[in-house]
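Taking the hints into account, I'd like the entire structure generated from these sequences.
Spelled out from the first residue to the last, the chains are:
Number of protein chains: 2
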Amino acid sequence: MKNENNVKVIPLGGLGEIGKNITAFEYKNEIIVIDCGISFPDEEMYGVDLVIPDITYLLNNSDRVKGIFITHGHEDHIGSLPYILKQLNVPVYGTRLTLGIVENKLKEHNILSDCELNKVEAGDIIELENLKVEFIRNTHSIADSCSIAIHTPIGVILHTGDFKIDYTPIDGLVMDLERISNLGRNGVLLLMADSTNVERPGHTIPERSIGETLTRIFSNAKGRVIVATFASNIHRMQQIVNASVKYGRKIAFSGRSMENISEVAMDLGYLHIPEGKTISVDEIQSYPNEQVTIITTGSQGEPMSALARIAFSTHRKLKIEPKDLYIISASPIPGNGKLVSKVINQLFKRGADVIYEALEEVHVSGHAYQEELKLIHTLVHPKYFMPVHGEYRHLRHHSELAQKLGMEEKNIFNLETGQVLELSDKEAMITGRVHTGSVYVDGFGVGDVGNIVLRDRKHLAQDGMLTIVATIEKESYSIIAGPDIITRGFVYAKESEALIKEAKDIVRKELEDCLENKVIEWYVLKANMKKSMEKYLYEKTKRRPIILPIIMEI
Amino acid sequence: MKNENNVKVIPLGGLGEIGKNITAFEYKNEIIVIDCGISFPDEEMYGVDLVIPDITYLLNNSDRVKGIFITHGHEDHIGSLPYILKQLNVPVYGTRLTLGIVENKLKEHNILSDCELNKVEAGDIIELENLKVEFIRNTHSIADSCSIAIHTPIGVILHTGDFKIDYTPIDGLVMDLERISNLGRNGVLLLMADSTNVERPGHTIPERSIGETLTRIFSNAKGRVIVATFASNIHRMQQIVNASVKYGRKIAFSGRSMENISEVAMDLGYLHIPEGKTISVDEIQSYPNEQVTIITTGSQGEPMSALARIAFSTHRKLKIEPKDLYIISASPIPGNGKLVSKVINQLFKRGADVIYEALEEVHVSGHAYQEELKLIHTLVHPKYFMPVHGEYRHLRHHSELAQKLGMEEKNIFNLETGQVLELSDKEAMITGRVHTGSVYVDGFGVGDVGNIVLRDRKHLAQDGMLTIVATIEKESYSIIAGPDIITRGFVYAKESEALIKEAKDIVRKELEDCLENKVIEWYVLKANMKKSMEKYLYEKTKRRPIILPIIMEI
Chain A
1 MKNENNVKVI
11 PLGGLGEIGK
21 NITAFEYKNE
31 IIVIDCGISF
41 PDEEMYGVDL
51 VIPDITYLLN
61 NSDRVKGIFI
71 THGHEDHIGS
81 LPYILKQLNV
91 PVYGTRLTLG
101 IVENKLKEHN
111 ILSDCELNKV
121 EAGDIIELEN
131 LKVEFIRNTH
141 SIADSCSIAI
151 HTPIGVILHT
161 GDFKIDYTPI
171 DGLVMDLERI
181 SNLGRNGVLL
191 LMADSTNVER
201 PGHTIPERSI
211 GETLTRIFSN
221 AKGRVIVATF
231 ASNIHRMQQI
241 VNASVKYGRK
251 IAFSGRSMEN
261 ISEVAMDLGY
271 LHIPEGKTIS
281 VDEIQSYPNE
291 QVTIITTGSQ
301 GEPMSALARI
311 AFSTHRKLKI
321 EPKDLYIISA
331 SPIPGNGKLV
341 SKVINQLFKR
351 GADVIYEALE
361 EVHVSGHAYQ
371 EELKLIHTLV
381 HPKYFMPVHG
391 EYRHLRHHSE
401 LAQKLGMEEK
411 NIFNLETGQV
421 LELSDKEAMI
431 TGRVHTGSVY
441 VDGFGVGDVG
451 NIVLRDRKHL
461 AQDGMLTIVA
471 TIEKESYSII
481 AGPDIITRGF
491 VYAKESEALI
501 KEAKDIVRKE
511 LEDCLENKVI
521 EWYVLKANMK
531 KSMEKYLYEK
541 TKRRPIILPI
551 IMEI
Chain B
1 MKNENNVKVI
11 PLGGLGEIGK
21 NITAFEYKNE
31 IIVIDCGISF
41 PDEEMYGVDL
51 VIPDITYLLN
61 NSDRVKGIFI
71 THGHEDHIGS
81 LPYILKQLNV
91 PVYGTRLTLG
101 IVENKLKEHN
111 ILSDCELNKV
121 EAGDIIELEN
131 LKVEFIRNTH
141 SIADSCSIAI
151 HTPIGVILHT
161 GDFKIDYTPI
171 DGLVMDLERI
181 SNLGRNGVLL
191 LMADSTNVER
201 PGHTIPERSI
211 GETLTRIFSN
221 AKGRVIVATF
231 ASNIHRMQQI
241 VNASVKYGRK
251 IAFSGRSMEN
261 ISEVAMDLGY
271 LHIPEGKTIS
281 VDEIQSYPNE
291 QVTIITTGSQ
301 GEPMSALARI
311 AFSTHRKLKI
321 EPKDLYIISA
331 SPIPGNGKLV
341 SKVINQLFKR
351 GADVIYEALE
361 EVHVSGHAYQ
371 EELKLIHTLV
381 HPKYFMPVHG
391 EYRHLRHHSE
401 LAQKLGMEEK
411 NIFNLETGQV
421 LELSDKEAMI
431 TGRVHTGSVY
441 VDGFGVGDVG
451 NIVLRDRKHL
461 AQDGMLTIVA
471 TIEKESYSII
481 AGPDIITRGF
491 VYAKESEALI
501 KEAKDIVRKE
511 LEDCLENKVI
521 EWYVLKANMK
531 KSMEKYLYEK
541 TKRRPIILPI
551 IMEI
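Those sequence lines, one after another, are chains A and B. For what it's worth, our numbering labels the leading residue of the first sequence as 1, then goes sequentially. For what it's worth, our numbering labels the leading residue of the second sequence as 1, then goes sequentially.
Just so you know, nobody snuck in bad clues.
Identical copies carry no separate label here, and so any pair may be met within one copy or between two of them.
When the alpha-carbon atoms are kept at most 30 Å apart in a straight line, the in silico DSSO-like pairs for lysine-lysine are as follows:
#1 Lys531 <-> Lys504
#2 Lys410 <-> Lys2
#3 Lys458 <-> Lys526
#4 Lys374 <-> Lys222
#5 Lys501 <-> Lys526
#6 Lys383 <-> Lys323
#7 Lys28 <-> Lys86
#8 Lys501 <-> Lys531
#9 Lys504 <-> Lys458
Don't read these hints as lab results, they were simulated from the structure.
This is the structure:
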């Protein structure tokens, strides 16, 4: 179906995985990109700080890339921008709050002045040569979030971005269902929709009801109230502020991202706090406990977060005090449950009171449940559908949901990252695959930690390592120093004295045997030493530490 | 309150943690122990296979320990027996199924013939010199489970063990509420009760309703049905068998623990499968797919389990086939959610259908919810209460639940592992603490991996390691070989050539400076090399690998 009038949709990340959302849309000489997120390392990615998408494909087509369009300011949609813009400096488009958060990031990476950030408002349409990109207000767990419609010469592609349908949002700005309905009436070629919560029946509860629960909880609080939530959830923040003001409390923000984002949100008018109601963490001591609210990071139990440091008494400024009430206003992201539990247990142990999801409705998801998804499908009734945002199981279930609503399976495309969906006004099919992948960020290094390094780290983590070192004199075929053995992460020194002594004897014997036979090639010596050591240690301990034989020659 | 007639209750594990349940009860010259479990390593315990309790206290009082009484056959209640019995060989008491599972374990450790296992039936009372130990039938997610009442001269202690209240259990053996009520009427000194699900309102749904769901699902299955569940959940197994037989399917068991436990359960008459209905995994190919059920391990997504191996095509005998239906009949234990998700996603990707908790009611917890706990408290109305089995937050909430039912806070004891609760007929208080702890099992090693080793493994996992080795001649104050640098888990070799070259130069310079100044003490040389290297690497990479300087002298 090759045709220069076709539109190509190429997810470069985010399909069949959580996070790292980035999708390219291509028509003739124009490529636009929606979102540019990171994902967080899974437990196998030892030492990796974060994961960004491999954008080789965009770099190979850099002259055609016209801009990156951001749906909202969450890390899994904006987090890669500082890294990607260093490689591919193209204009970025987003709403005011989204770009406010992006600006902060680019500043930290010292590249803000090199970047072109274009502020848009919901409703705006950016006109490129052939493509038009329309921002459509939606509702999500961050303010100023948008869906995006791409108007192409062969039809409209509607990408919901992350969304839920909240009819009573805190800022009063409801999702622009009218515009979406209008697009649907005029015909949408392809719908791409958020699949995160497709397994959940019913409808999300409105954000406002969390506010009601919080207000009730605040009304009974006798000491300080410390609420941990996502720093980006400005609406949640606003509701905590409202409950605090109602009960005569001052508000302090704690934790770097909480301080950063609350400041951006206040500056830009997304977070409203009456004059004189905010205080700094340093000022908390000047107020009676029952007049203080602290909004903090750490809702995921992150060990270095403000909340965890309070719980484990390592926070420099904040200590647990009598009658403190802690509220975890968030769900643990999969994988974080144990960390969150640790913090909750520790707070209880220290005598504090803690309220969390299992006990009260203090959190609601930002992603549409089944009935919300059905509404969008029904309004849009697209020609083709592609589920996005979610693990494979979610994409699969979203495809089933669409079929229950009457779509034919052949019109649904469940893509993998890197696959190319090509659309004409008559047909759609997967026509190829481009290079994609994950790039690991570790410290200053971007991409210098790969599978070999990670495999070694995993191996080291499991059984530790053992270095054998010996100096030999080539000419005389003799050992002149060593062999010495040094271990880390293997066994306790005191427990292993006999073991290491015997190991040394074995290595020395192996080495002497080789030298006696005039074997002097270091790689043979090393291989033999390693082999005999592995065998011995496994028999004795059932462990396989990394063995590092080093031969020095003089 | 020291008095030789006092009873002491000493949890040696299992309080404020999940697993590793073991509690000592002491009266005069008698000590009895309830349960002897393991816990599984958390993510910080790199390379550790399992965790057993430190029983120093029991070893120091070994002549007084009269026996270990087991409530039921779950790992967190029996798993340490092979290790503990090697140190402290005392009689073990338990019901038939429980001891059947224990026997298997002791056989694997080659110590069965050295151990004394005493089979009891629910209702039996074991009479020791002063203490009587009564087994009382309860219901749980494993058959033949018991609560235990200890009759002491100063009163009765009732330990519920793990339990829920199922009025229609699969084996028809309901919890002996009559006996519990009877004990309560005559006065119970101390109640110790399962806190696992105290945060959940209402009542567990009965196991039988899972059977109804499974039967409905089986009625629609067109190919093989593969059900993953806990090997020890004989009742679940029975229901899967019943549904299979109803729809003309043969049953095969896959996975080592599944094969072991199903065999024990059949032998002992706890699992009933009609003649000719079981087949081996090797025979599956001889039957049409729609006549096959496979009951397998792997409900927690364990990477080496049968289910994961099927999903990732590494199972030697079982492959995914068209129309396969996979059922995950279990909840992910906290921390395992991502692993389970991986397997589910992979099964979907390979075209199979998968049903799990988010979609259908295919699992129910084995631990009492709030209303069940209230029933037990109401029947027993003990003088003192001690919440057990659960993290700290659960113990705390169980204590609150007891207070809502009318107990006074002063009569509730929320202990930590190692604390001693001393009871007389007049009062109860925490009077001391004994030595307790965790012992790590890694391969053959029991206790040879401790905090230093784990700290090193964590460090290695984060940033890898870098060995610097040099040979020096003492007399001439000169370097005669090296310095060489070898890294593992740090950076890609090809990316780091320049880095490592510069690092070598720095080390050589450092070493030469020292030698020039006649500094020859190896610990000074090593410290200096390490320090300069750390500084250099952190500046360049923002990483801190373990640095291992080795100086050989000739």
